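2 protein chains.
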Amino acid sequence: MPVYVPAQRQPKELFPGALSRTFWGDKMLFSLLDLAAGSVVPRHSHPHEQAGIVLEGELEFTIGDETHLVKAGEIFFIPGGVEHSVKVGAQPAKALDVFSPVREEYKWA
Amino acid sequence: MPVYVPAQRQPKELFPGALSRTFWGDKMLFSLLDLAAGSVVPRHSHPHEQAGIVLEGELEFTIGDETHLVKAGEIFFIPGGVEHSVKVGAQPAKALDVFSPVREEYKWA
Numbered sequence: 034m035p036v037y038v039p040a041q042r043q044p045k046e047l048f049p050g051a052l053s054r055t056f057w058g059d060k061m062l063f064s065l066l067d068l069a070a071g072s073v074v075p076r077h078s079h080p081h082e083q084a085g086i087v088l089e090g091e092l093e094f095t096i097g098d099e100t101h102l103v104k105a106g107e108i109f110f111i112p113g114g115v116e117h118s119v120k121v122g123a124q125p126a127k128a129l130d131v132f133s134p135v136r137e138e139y140k141w142a
Numbered sequence: 034m035p036v037y038v039p040a041q042r043q044p045k046e047l048f049p050g051a052l053s054r055t056f057w058g059d060k061m062l063f064s065l066l067d068l069a070a071g072s073v074v075p076r077h078s079h080p081h082e083q084a085g086i087v088l089e090g091e092l093e094f095t096i097g098d099e100t101h102l103v104k105a106g107e108i109f110f111i112p113g114g115v116e117h118s119v120k121v122g123a124q125p126a127k128a129l130d131v132f133s134p135v136r137e138e139y140k141w142a
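Those protein sequence lines, which keep their order, are chains A and B.
Take any residue in the first sequence, note its place counting from 1, add 33, and you have its number in our numbering.
Take any residue in the second sequence, note its place counting from 1, add 33, and you have its number in our numbering.
Calculated from the structure, these hints are not laboratory results.
None of the values given here were measured: they were computed from a predicted structure.
Note that CB positions come from ideal geometry on N, CA and C, so glycine has one too.
One or more hints might be untrue.
Distance ranges between label pairs, derived from CB positions [what the hints assert, rightly or not]:
#	chain 1	residue 1	chain 2	residue 2	range
1	B	Gly113	A	Ala123	40 to 46 angstroms
2	B	Val115	A	Trp141	22 to 28 angstroms
3	B	Thr95	A	Asp59	19 to 25 angstroms
4	A	Gly113	B	Glu93	31 to 37 angstroms
5	B	Ala123	A	Gly113	37 to 43 angstroms
6	B	Pro49	A	Pro49	44 to 50 angstroms
7	A	Ala123	B	Lys104	26 to 32 angstroms
8	A	Thr95	B	Pro49	38 to 44 angstroms
9	B	Thr95	A	Pro49	39 to 45 angstroms
10	A	Thr95	B	Glu46	35 to 41 angstroms
11	A	Asp59	B	Pro49	27 to 33 angstroms
12	A	Glu46	B	Glu46	28 to 34 angstroms
13	B	Lys140	A	Gly113	18 to 24 angstroms
14	A	Ser118	B	Lys140	25 to 31 angstroms
Chain A on its own, in the form it takes in the complex (with noise of 0.2 angstroms):
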């Protein structure tokens, strides 16, 4: 069945604040987020490529050395390997983060 309704997908808590529903096919795996307002990624990095849109709200993104205000319909793209961390707005905020190749620590349903 390759049609997912995210509603039907128990959510995982990823960092505190940040719910993510996880999809995958064989090569990328999406992470569909709702994130609370104020809520904080900490710096990390991984070897994927990750690149998304935010859905809703606002993201401030520190991808290297450069931060970047991501609005709603915006998309952004992190290369593997590059150190990132994200602050979310005052407002809620929803985002898909999509990774390639698949995290494999990430497959939850």
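Based on these hints, arrange chain B on the given structure of chain A.
Frame of chain A; chain B shown alone:
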């Protein structure tokens, strides 16, 4: 510059009624689609894995022999090599398609 504002990117008409703006890294290509009501993406296949999210409206996907109505907020995965087609509903729609590996022929800016 890893952050993109789609409105600043020139679209290309991928199929009649289907405007695409593309963004890419090393492993993934994003195609952000504005789809006219009633438009059709004819049955086709490609070796790339395709996954995505419907952002607005409804899309009727036929993936292999199964037909699925995919609504805003829902997610789809299409394995590489599997034939698929799309019919847009009675309202305009928006969707994000993600391809891995990168579809080289979709690199327009």
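Results of checking the hints against the structure:
At about 41 angstroms, the CB distance of Gly113/B to Ala123/A agrees with the hint of 40 to 46 angstroms. In this structure the hint that Val115/B and Trp141/A lie 22 to 28 angstroms apart at CB holds, the actual value being about 25 angstroms. A beta carbon spacing of about 21 angstroms between Thr95/B and Asp59/A agrees with the range 19 to 25 angstroms that was offered as a hint. For Gly113/A paired with Glu93/B, a C-beta distance near 35 angstroms keeps the hint of 31 to 37 angstroms intact.
Range check, Ala123/B to Gly113/A: about 41 angstroms between beta-carbon atoms, so the 37 to 43 angstroms window is met. The hinted range of 44 to 50 angstroms is satisfied by Pro49/B and Pro49/A, whose Cβ atoms lie roughly 47 angstroms apart. At roughly 29 angstroms, the beta carbons of Ala123/A and Lys104/B sit within the given window of 26 to 32 angstroms. Checking the proposed 38 to 44 angstroms range against Thr95/A and Pro49/B shows it holds: the Cβ atoms sit about 42 angstroms from each other.
The given range of 39 to 45 angstroms is respected by Thr95/B and Pro49/A, whose C-beta atoms sit roughly 42 angstroms from each other. Taking 35 to 41 angstroms as the suggested C-beta distance range, the pair Thr95/A and Glu46/B conforms, at roughly 36 angstroms. Remark: the range hint 27 to 33 angstroms for Asp59/A to Pro49/B is upheld by a beta-carbon distance near 31 angstroms. Checked against the hint of 28 to 34 angstroms, the C-beta distance between Glu46/A and Glu46/B comes to roughly 42 angstroms, which is inconsistent with it.
For Lys140/B and Gly113/A, the Cβ-Cβ distance of about 19 angstroms falls inside the hinted range of 18 to 24 angstroms, so the restraint holds. At about 29 angstroms, the CB distance of Ser118/A to Lys140/B agrees with the hint of 25 to 31 angstroms.
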